[in-house]
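The numbers in our numbering rise by one with no breaks, and the one at position 186 of the sequence shown is 188.
No wet-lab data here; the hints were simulated from the structure.
One or more of the hints may lead you astray.
To be verified - Each pair of labels, with its calculated beta carbon distance range:
(1) Glu-166 with Gln-15: 41 to 47 Å
(2) Glu-183 with Leu-17: 45 to 51 Å
(3) Lys-192 with Phe-89: 31 to 37 Å
(4) Arg-23 with Arg-159: 41 to 47 Å
(5) Thr-193 with Phe-89: 21 to 27 Å
(6) Glu-188 with Ala-118: 19 to 25 Å
(7) Pro-112 with Thr-169: 16 to 22 Å
(8) Thr-111 with Ser-196: 27 to 33 Å
Stated by the list, open to error - SDA-like, lysine to any residue: derived pairs with alpha carbons at most 25 Å apart:
(9) Lys-109 with Tyr-96
(10) Lys-201 with Gly-187
(11) Lys-201 with Glu-183
(12) Lys-109 with Glu-162
(13) Lys-192 with Ala-119
(14) Lys-109 with Leu-157
As the structure is a prediction and not an experimental result, all values here were calculated from the model.
Just so you know, even glycine gets a beta-carbon here, dropped at the ideal spot from N, CA and C.
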Amino acid sequence: MSGSITAVVVDDQALVRAGFRMILDAEDDIDVIGEAADGREAIDAARRLRPDVVLMDIRMPNVDGVEATRVIAATADAPTVLILTTFDLDEYVYAALRAGASGFLLKDTPADDLAAAVRVLARGDALIAPSITRRLLAEFMAAGPPEPGTDRAALERLTERETEVLTLMARGLSNGEIADELILGEATIKTHVSRVLMKLGARDRVQAVIAAYETGLVTPGQ
């Protein structure tokens with residue numbers, strides 16, 4: 003369908019793939035253009051078909067979803083990756099987000115929410131609410147300090163205000179909450195967030211937050 007959002011569905015269970023395809027193909031603006039049964043096939047499909055969004059299972063044979071996400075996210079003009087998981091805050095979810103995924107959903111998510119999620123990622127937004135960001139980072143990073151990040155130079159390119167905004171983003175605050183904290187307009191905060199993403203080379207808010215932790219700007223519990 004011309005002008006529709008294109009998607010590839012990746013899962014090692016054929017029935018699951020068929021179910022997601024049926025849900026998404028029922029939408030006027032979404033077109034499933036391919037499927038893959040493991041991470042290796044997912045990488046190939048992403049390269050060949052160049053979809054807007056890849057719906058990625060995590061636990062698969064051969065190449066798992068984390069490694070597949072890492073490879074796909076590193077390619078030029080990469081599609082956004084939506085992780086589909088059975089367990090809320092599965093230990094692999096953080097690894098997948100760190101690898102370049104832009105959000106995650108539970109596999110039992112209602113059909114309307116799944117379609118809405120694909121649209122969100124196709125717009126270039128991240129699909130993790132601030133409250134989930136807070137829980138996710140607290141759960142996995144509090145277990146131990148992350149490896150020191152190597153791109154401190156990127157942080158040094160941020161202005162003092164942008165650093166403040168990134169720090170508050172990393173604490174799980176929404177744009178509105180950041181605006182209240184800094185006594186600024188929400189439109190101004192959105193501008194600062196956009197500049198932070200650009201300077202960090204981050205695809206979305208999730209990647210910027212992870213960068214804040216990995217470079218040591220923010221530490222768990224701070």
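Against the structure, the hints come out as follows:
1. Glu-166 with Gln-15: 41 to 47 Å: holds, 45 Å
2. Glu-183 with Leu-17: 45 to 51 Å: With Cβ atoms ~47 Å apart, the hint holds.
3. Lys-192 with Phe-89: 31 to 37 Å: The hint (31 to 37 Å, Cβ to Cβ) holds, given that Lys-192 and Phe-89 are roughly 33 Å apart.
4. Arg-23 with Arg-159: 41 to 47 Å: Between Arg-23 and Arg-159, where Cβ atoms are some 43 Å apart, the hint holds.
5. Thr-193 with Phe-89: 21 to 27 Å: violated, 37 Å
6. Glu-188 with Ala-118: 19 to 25 Å: Holds - the Cβ-Cβ distance for Glu-188 and Ala-118, about 22 Å, lies within 19 to 25 Å.
7. Pro-112 with Thr-169: 16 to 22 Å: This hint is violated: roughly 35 Å between Cβ atoms.
8. Thr-111 with Ser-196: 27 to 33 Å: holds, 28 Å
9. Lys-109 with Tyr-96: Satisfied, since the Cα-Cα distance of roughly 16 Å is no more than 25 Å.
10. Lys-201 with Gly-187: Cα-Cα ~21 Å, so holds.
11. Lys-201 with Glu-183: holds, 23 Å
12. Lys-109 with Glu-162: Between Lys-109 and Glu-162 the Cα gap is close to 40 Å, so the pair fails against 25 Å, i.e. violated.
13. Lys-192 with Ala-119: holds, 21 Å
14. Lys-109 with Leu-157: violated, 36 Å
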